[in-house]
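Trainee: Now for the letters of each chain:
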Amino acid sequence: MPINVKYLLLLFLSWISPVYVFCQGFQVNFQGQKQQGMGCSGSALVQDASVLFYNPGGACFASKRELNVASTPIFANVMYVDSSTQQVFRTENPVGTPFSCYALMKSKKFHRLAYGLSLTTPFGSTVQYEEDWIGRFALTRLAMKVFHLQPTMSFKITDNLGLGAGLVWSSGAVSLQKDLPVQFDDGTFGAAEISGKASGFGYNLGIFYNPGGVLTAGLSYRSGINMAISSGQVEFNVPEALEPNFPNGALASSLPLPSVTTLGITLRPKNNWNVVLDVNWVGWKTYDTLAFDYENNTPSLLDTKSARNYKNIIAFRTGIQYAVQRNNEDPKVWFRLGGGFGFSPVKAGYLTPETPDANRWYGTAGFSYAFSPHFSMDASVYLTRIQRGDTNLETGLSGTFTTIALAPGIGLNYKW
Amino acid sequence: MVMGMNRIFIPLIVFSFMACKPKKPTPIITAGQADFSTYISVGDGHMAGYMDDGLSLDGQTNSLGALLQQQLMMVGAPPIEMPWMADQNIGLNLSGLSRLILGYKTDCQGITSLSPVRFSLQGETTSLSTSAYNPSKKFTNFGVPGARMIDLVSTSFGNPNLPQHNPFFARMSMDQFNLPGSGNFSSLQENAFNGGYPTFCSLYLGIEDVLPYAKSGATTNPMSPIAGFPGVGFEESLGQWCEQLFAQNVKAVIATIPNVSLWPFFNTIPYNGLTLDAEKAASLNQIYNPIGISFVVGANPFIVADPNAGMFGVRPAVSGEKILLSVPLDSVKCHQMGSVFPFRNEFVLTLEELSEIQNRIDAFNNIIRQKAATYGFAVVETNTFYQKLSSGFAFNGVALSSKFVSGGAFSLDGIHLNPRGNAMLANEFIMAINKKFSAKIPLINALAYNAILFP
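For the protein sequence lines, the chains are A and B, in the order given.
First residue of the first sequence? That's 29 in our numbering, and the numbers climb one at a time after it.
First residue of the second sequence? That's 2 in our numbering, and the numbers climb one at a time after it.
Hints listed in this document are in silico derivations from the structure and should not be mistaken for laboratory results.
Check before you lean on any hint, since a few could be wrong.
Heads up, simulated BS3-like pairs for lysine-lysine below, C-alpha to C-alpha not over 30 Å straight-line [stated by the list, open to error]:
| hint | chain 1 | residue 1 | chain 2 | residue 2 |
| --- | --- | --- | --- | --- |
| 1 | B | 437 | A | 375 |
| 2 | A | 360 | A | 298 |
| 3 | B | 138 | B | 441 |
| 4 | B | 139 | A | 375 |
| 5 | B | 441 | B | 334 |
| 6 | A | 136 | A | 443 |
| 7 | B | 441 | B | 24 |
| 8 | B | 22 | B | 441 |
| 9 | A | 333 | B | 389 |
| 10 | A | 360 | A | 443 |
| 11 | A | 375 | A | 134 |
| 12 | B | 389 | A | 375 |
| 13 | B | 404 | A | 333 |
| 14 | A | 339 | A | 92 |
| 15 | B | 138 | A | 375 |
| 16 | A | 298 | A | 137 |
| 17 | A | 134 | A | 333 |
| 18 | B | 22 | A | 339 |
| 19 | B | 139 | B | 436 |
| 20 | B | 334 | B | 25 |
| 21 | A | 92 | A | 225 |
A partial selection of chain A residues facing chain B, derived with a Cβ cut-off under 7 Å [what the hints assert, rightly or not]:
| hint | residue |
| --- | --- |
| 22 | 105 |
| 23 | 165 |
| 24 | 166 |
| 25 | 189 |
| 26 | 213 |
| 27 | 215 |
| 28 | 216 |
| 29 | 265 |
| 30 | 269 |
| 31 | 270 |
| 32 | 273 |
| 33 | 424 |
| 34 | 425 |
| 35 | 430 |
| 36 | 438 |
To give a feel for the contact side, a few chain B residues facing chain A, derived at Cβ under 8 Å [what the hints assert, rightly or not]:
| hint | residue |
| --- | --- |
| 37 | 115 |
| 38 | 119 |
| 39 | 451 |
Ideal Cβ placement from N, Cα and C applies to all residues, glycine included.
Excised from the complex, chain A in its bound form (with noise of 0.2 Å):
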């Protein structure tokens, strides 16, 4: 066993390399191994350090102390059908990783008193297309990565009732590839990337309700974050002939990040059962335009502005939990069940190939063993498909998309 230990930590450090597939938009929605195994809700849950992004105002019932580290490579495969061709092309994308690392305390002077740090990966994608597909000048490689680090305090106001908050700061990267439809004269087309870094100002709160009986609920908000982009730059790759056309230059633009209100009630209508239910807002709305303003233009390149008219949405998510308790012991194994429903932030002839995004059902499973009242691990696992056809009015890509995402995760817990 514990070779097996090391090696997934090994395979977990290898794979912290900052890529990771969309989830519902761009958001992914991985934060925790526990929650991930019941459908992705589980916000008015207090099971583990990973509360601290889910509802800070829970964190204070933490019983522990925590350290708690977890991975959950994403496999995506994408495949798109163009209508009038009906030719098939897939993408290629590399394992996404977003993880997640949280450490909570416990004020030993004030026990009504919790705090902790986070470290998380909310949004991100990679998403990168075979060669010579049919939208190559569209899109050919998005690579995305966000990451939050959260200081969060949470406070007990009564024995019943704890509010917490967190400040978020979120730095990102973002690169994106196309080919550009002018040819050089042995027929390869040219090419343009664009690339930077991001970073951006957020808060979490979050309230936590435990009135002792069969129920709890919890309701917490992220607020968006504007990610303005600095140090953007652009580079082409294009005949020679063309080079005045196309400079290389700098460029500005933002990423608008969408604030996340999340509603979650859990009931234990037996001892060992827990079912939970989260219903989360997203404020989608607000990416409403990807602006390119490039320093230097040319009649060949002025400043872009492509709608994308995101619409906020609604999600359904739910889950139960069985603990197995054995002669009135602590339970070392818990089995989770889950699933969930999520609208689509895009709106019809809005669909990318950057986000080939579509109402979603997905299905989770899950399990924990505690090796010791100290030491535990979470796995989940989170399989969905998704299909969408749909005519882009910007750039007139005419086709279907299919994703297949399966993602399984895996999680340490230390407490004391």
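For chain A, the structure is supplied; the task is to place chain B on it using the hints.
Mentor: Quick look at chain B alone, frame taken from chain A:
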């Protein structure tokens, strides 16, 4: 041991996750009520692959005829047989010149810029004296650069002793340049039907019945008459062809004639492209003010010759008139052509001439539509396609238009499409076939074909 197991086991899991891909749908591809088992296409330079003002092997491979047939091969059409040009790809036009490529050219003012230049000093003229006919390999593509509708049924078309003679046809005709003095010449139609009638035929003729007239600024090369005997009149020539197809149960797709004046050849030089500084405007005013023409600093209409314009026969061009791409640009830049020396009639299409041409195209198109309706052929409205290009549109992330060079659809002669443009026009043919014959033939991925290559 456990370690070893994990070395195998974990990569295996990872691999199985990677393999979890959406399944490829089975495409539905059918010919519907059409039968493509023996297929021919007949047309002019578009069908033949004439582009960049020349016929070359590359152009033929990317011709409207070849690209269309390549797609029809998915539903049973035979392989493409054409009178291939030499594989050096030099290209040839009827003046013996090679094809155009985009290169650098230094103009009379010493300014070097991107410009269409000839690929080579001389075209591959030997192609015109070598017969490409092979009795064991019947052509499937009877595209002939310059072919008119009235040439379709005319035996004069391959007769070198007559003005209607077309050398591009002669090199592919079964006459094989004939025995001197034999006097027997076969028509395009006879060649196409030689060895049996096809099951399906694509016909795209009629452009050359008007284009030479338009390209000459409505001075020479009169347009084909609407009526007249087969080989003389448009209607009877097409009629004879259609009747044969119909009698032999041949299904067909026929294309109408686009409004040629939308093409870059007629639209690249604006009517008011005479840009003047103060000095030049003043000196022109000195010349022209006495006859009531004045110039301003900035954009001015070019001066054109017009015998009906007052006693001096010159006037400024008006909006809507076309200055042709055939104007000698160096003369414009350095020798005051279009200003001190008015553009001659051969470089200008006046509004009146444009409407004369358009009326003839409309009359021809009505005949084409009427014949197609009578005989149950599919019709391709090519002008819809060219009109769309003219206004510009986005196609799979690429902005296409009918702009010269930058528009991405026309070749460097400003008349014929480039490979990408041909693929898009072939798609119009496929859509018409699909609709008329309830077929399901996929369209071509047009962006996989070359547009303009830059140095």
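Trainee: Each hint needs a verdict: does it hold in this structure or not?
Mentor: Now for the hints, and whether the structure bears them out:
no.: 1; hint: 437/B x 375/A; in the structure: 34 Å, violated
no.: 2; hint: 360/A x 298/A; in the structure: 17 Å, holds
no.: 3; hint: 138/B x 441/B; in the structure: 29 Å, holds
no.: 4; hint: 139/B x 375/A; in the structure: 53 Å, violated
no.: 5; hint: 441/B x 334/B; in the structure: 53 Å, violated
no.: 6; hint: 136/A x 443/A; in the structure: 15 Å, holds
no.: 7; hint: 441/B x 24/B; in the structure: 21 Å, holds
no.: 8; hint: 22/B x 441/B; in the structure: 27 Å, holds
no.: 9; hint: 333/A x 389/B; in the structure: 23 Å, holds
no.: 10; hint: 360/A x 443/A; in the structure: 14 Å, holds
no.: 11; hint: 375/A x 134/A; in the structure: 45 Å, violated
no.: 12; hint: 389/B x 375/A; in the structure: 26 Å, holds
no.: 13; hint: 404/B x 333/A; in the structure: 23 Å, holds
no.: 14; hint: 339/A x 92/A; in the structure: 40 Å, violated
no.: 15; hint: 138/B x 375/A; in the structure: 54 Å, violated
no.: 16; hint: 298/A x 137/A; in the structure: 34 Å, violated
no.: 17; hint: 134/A x 333/A; in the structure: 48 Å, violated
no.: 18; hint: 22/B x 339/A; in the structure: 29 Å, holds
no.: 19; hint: 139/B x 436/B; in the structure: 29 Å, holds
no.: 20; hint: 334/B x 25/B; in the structure: 58 Å, violated
no.: 21; hint: 92/A x 225/A; in the structure: 37 Å, violated
no.: 22; hint: 105; in the structure: 4 Å, holds
no.: 23; hint: 165; in the structure: 3 Å, holds
no.: 24; hint: 166; in the structure: 4 Å, holds
no.: 25; hint: 189; in the structure: 43 Å, violated
no.: 26; hint: 213; in the structure: 5 Å, holds
no.: 27; hint: 215; in the structure: 5 Å, holds
no.: 28; hint: 216; in the structure: 10 Å, violated
no.: 29; hint: 265; in the structure: 12 Å, violated
no.: 30; hint: 269; in the structure: 5 Å, holds
no.: 31; hint: 270; in the structure: 6 Å, holds
no.: 32; hint: 273; in the structure: 10 Å, violated
no.: 33; hint: 424; in the structure: 4 Å, holds
no.: 34; hint: 425; in the structure: 5 Å, holds
no.: 35; hint: 430; in the structure: 4 Å, holds
no.: 36; hint: 438; in the structure: 12 Å, violated
no.: 37; hint: 115; in the structure: 5 Å, holds
no.: 38; hint: 119; in the structure: 15 Å, violated
no.: 39; hint: 451; in the structure: 5 Å, holds
When each numbered hint is compared with the structure, violations occur for hints 1, 4, 5, 11, 14, 15, 16, 17, 20, 21, 25, 28, 29, 32, 36 and 38.
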